[in-house]
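Asks: Sequence:
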Amino acid sequence: MRYTTLIIFCLLLASCKHNNTNNDAQQLILKVDLKPSTISIHEIFDSIQVIPLETTDSCLLRGPVKVITGNNRNYILDWKNFQVFVFDDKGHYLHTIGKRGQGPG
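Residue 104 is where the sequence shown ends in numbering that gives the first Met the number 0, and the numbering goes up by one at each step.
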């Protein structure tokens, strides 16, 4: 019994340590301007080009969410049709990727 009391006392002493944290640390105060500011679109982009897209019954966009351009083509993801529409750099419709088939479901 005497040894267990001594062991418990030693364990309690070993678990105690001095905390060296500095409670007098400097506080950093940030002032944020929450007023909306205006910025011109020309400050963000070098050039802006509007391309009117051809609209026919086979290429009507219902919910376009993303446009990717490359290789003189524009790829437009339409989430409502579950398709990607492909247009050339002049806006003419080329083809559609992801047409639904006759499979089950």
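Derived from the structure by calculation, the hints contain no laboratory data. Treat the hints loosely; a few may be bogus.
With a straight-line cut-off of 25 Å between C-alpha atoms, the simulated PhoX-like cross-links for lysine-lysine are [stated by the list, open to error]:
1. K89 x K65
2. K65 x K79
3. K98 x K65
4. K79 x K98
All of these numbers come straight from a predicted model, not from anything done at the bench.
Asks: Hints first: check each against the structure and report whether it holds.
Replies: To see whether the hints hold, each was checked on the structure:
Distance hint between K89 and K65 is fulfilled; the C-alpha atoms sit about 18 Å from each other, no more than 25 Å. With a C-alpha separation of about 12 Å, the suggested pairing of K65 with K79 holds against the 25 Å cut-off. Between the alpha carbons of K98 and K65 the distance comes to roughly 18 Å, so the proposed pair stays at or under 25 Å and holds. A distance of roughly 12 Å separates the Cα atoms of K79 and K98; the hinted pair therefore holds under the 25 Å criterion.
Violation of the numbered hints given earlier is absent; every hint is satisfied by the structure.
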